[in-house]
Amino acid sequence: MSLYLHPPAPAMPEPPLLLIPLMGVSVSAGFPSPAEDWAEERVDLNVRYVQHAEATFYFTVSGDSMVSPIAEHSIPDGATLIVDRALSAKHGDIVVAVIDNDFTVKRLYCRNKRLALLAENPAYPPIVLGEEQELSIWGVVTAWIVRPR
Amino acid sequence: MIALVDVNNFYVSCQRVFEPQLNGKPVVVLSNNDGCVVARSAEVKAMGIKMGAPWHQLRDFARQQGIIARSSNYALYADMSHRVMTILGRFSPNQEIYSIDECFLSFAGLLQDHTELAQTIRQTVLQWTGLPVCVGIAPTKTLAKLANHIAKKQAPFNGVCEWQKLSADQQTEQMQALDAGEVWGIGRKISARLAQEGIHTIADLRAANAELIRKRYSIVVQRTVHELRGISSIEMEEAPPDKQQILCSRSFGQAIYAEQELAEAISTYIARAAEKLRKQGSVAASLAVFIRTNPFRPKDPQYSQHILVPLTQASDDTLLLTRAALWVLKRIYRRGFAYAKAGVMLCDLQPRTAVQGHLFLQTADSIKRAALNKTMDDINRQWGRGAIRVASAGFNQGWKMRQNNLSLHWTTRWEDLPVAH
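Chains A and H supply the protein sequences, listed in that same order.
Sequential numbering of the first sequence, starting at 1, is according to our numbering.
Sequential numbering of the second sequence, starting at 1001, is according to our numbering.
By construction, these hints were calculated from the structure, which means they are not laboratory data.
One should not assume that every hint holds.
Computed list of lysine to aspartate or glutamate pairs in DMTMM-like fashion (alpha-carbon distance at most 20 Å, straight line) [claimed, not checked]: (1) H/1045 to H/1179; (2) H/1189 to H/1173; (3) H/1341 to H/1300; (4) H/1153 to H/1179; (5) H/1025 to A/134; (6) H/1045 to H/1182; (7) H/1025 to A/102; (8) H/1025 to A/84; (9) H/1215 to H/1237.
So the derived list for chain A, only partly shown, Cβ under 7 Å to chain H, looks like this [claimed, not checked]: (10) 49; (11) 51; (12) 55; (13) 59; (14) 62; (15) 63; (16) 67; (17) 85; (18) 96; (19) 104.
The calculated label-pair distances, taken between Cβ atoms and stated as ranges, are [as the list claims (entries may be wrong)]: (20) H/1066 to A/90: 36 to 42 Å; (21) H/1120 to A/53: 16 to 22 Å; (22) A/116 to H/1021: 19 to 25 Å; (23) H/1032 to A/71: 48 to 54 Å; (24) A/42 to H/1086: 21 to 27 Å; (25) A/116 to H/1247: 53 to 59 Å.
A virtual CB, placed ideally from N, CA and C, is assigned to each residue, including glycine.
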């Protein structure tokens, strides 16, 4: 059994400061907008869910292996995964891994020198890595998106 | 100190990030129309297949050897390149992006050990993007290129070669082992002439009389000699100068005969070129169109023609430029030829802000037109190139590129995202 986890993220110089455009609140002279001083940048999904833009990729989930009886753990068929390659995978993370040249999304188990990929769906047995199999973690899932319609 | 960072077998490596089954297999990426080999994996290089080899001659050999071919997926390469360059840009205050897969970084004033920093760069790019890079570090750009070449070819360097850490003897040894033609900026013609004068290796070139080289060749070659000696003579260029002309041309997937089909291709190329023009904030004052048959089929009747026309007023408007280009096409089109290639060139570019108005010309409401062009660019950015186009670009586009082994746009289209089970 061999494990290829990514090395810990090396020290990165700070990313350059983000330039945030000022709100384009234009008002006619002499009539200051009462809202102008309170204007803020609108919330942006990217800011919240994408920590490392250059290392972030999206996947589509196929199948029900991650459908869980626990609602908040459940990743249904068709969900969009947000995958960050800059993070180092650790025990308990949901990861995209490569097994036998296929991408799979599972929960990573690595405790007591045992390595496995666990499906959330109890109908799927854990994938315990055999001697011959290579596990390579492609990236860490940081969020998923489900659309009800 | 200057570092040259580049991605190993860039196109092949991009494919492998999303197709793990290609790892360790011989892989080639083919040019537009699947014409020839433009990228090779290490396994393919080891088989002796040359860059630019025509694919149709290789196909049988490839099948025997299990070589896997992919059509160029430029949408993917452009996105991956952008990611790599952004990451690399954080490691230095001064970056010159030299091509889609390589850039110079100034290491001037950085206190950290350069080899260590370069290894951090390699590790970060590999982890963040899945792409392997090599780094060459030297006091000049030309030597950095050379060091990068050594880092890539010689395994003991582990992907990083810092020129200054080699002893003088080692440096000379490396230079003696490589042809002068391997030096950055020395083309085939010059290296052939150099060889006639007894300058065969890079070491020979470094030892050559620089003054004589300037007289016999050019100041550019002299600069290269200086750079090989460690005297920095080629500056870092941060912002590439705006393009002076924009060319868009392609070979067709199959020969086409009708003016209508040529018009579709020309309209498509104009749309692409005009989009680039607007992106750099320029307008074009003249425009050229060319069409030609296939010179590699000498038995077919041959025809090739191009015309350059000045525009009444410099413009970046797709509709206006399309009208002008189709007008030119009408004048150069001859019936009865099998056309293999067409192209457009926008010339005499100038900043949009410096445009002179025309006294006698009634322009379409130019503000409205600018808004229309911007809207087209926005729509095409969101929905994919060509989602909205002028009707003359056609709907069938039977002339379009042949891409039999095209992979998905994994990072630029929602419907193409990779699938995890």
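Taking the hints in turn, this is what the structure says about them:
1. H/1045 to H/1179: 19 Å, holds
2. H/1189 to H/1173: Measuring from Cα to Cα gives roughly 25 Å; hence the hint is violated.
3. H/1341 to H/1300: Distance of about 14 Å is within 20 Å: holds.
4. H/1153 to H/1179: 14 Å, holds
5. H/1025 to A/134: Roughly 16 Å separates the two Cα atoms, so the pair holds.
6. H/1045 to H/1182: Holds. Residue 1045 of chain H to residue 1182 of chain H sits at ~17 Å (cutoff 20 Å).
7. H/1025 to A/102: 16 Å, holds
8. H/1025 to A/84: 27 Å, violated
9. H/1215 to H/1237: 27 Å, violated
10. 49: Status violated, d = 16 Å.
11. 51: At 12 Å from the nearest chain H Cβ, residue 51 of chain A fails the 7 Å test, so the hint is violated.
12. 55: 4 Å, holds
13. 59: 5 Å, holds
14. 62: Holds - the Cβ of residue 62 of chain A comes within 7 Å of chain H, reaching about 5 Å at its closest.
15. 63: 5 Å, holds
16. 67: Not OK, violated: residue 67 of chain A not within 7 Å of chain H, min 13 Å.
17. 85: 5 Å, holds
18. 96: Holds: closest Cβ of chain H sits about 5 Å from residue 96 of chain A, inside 7 Å.
19. 104: 5 Å, holds
20. H/1066 to A/90: 36 to 42 Å: Given range 36 to 42 Å: holds, Cβ gap about 38 Å.
21. H/1120 to A/53: 16 to 22 Å: 20 Å, holds
22. A/116 to H/1021: 19 to 25 Å: For residue 116 of chain A and residue 1021 of chain H the Cβ distance comes to about 23 Å; the hint holds.
23. H/1032 to A/71: 48 to 54 Å: 49 Å, holds
24. A/42 to H/1086: 21 to 27 Å: This hint holds: roughly 24 Å between Cβ atoms.
25. A/116 to H/1247: 53 to 59 Å: About 55 Å separates the Cβ atoms of residue 116 of chain A and residue 1247 of chain H, which means 53 to 59 Å holds.
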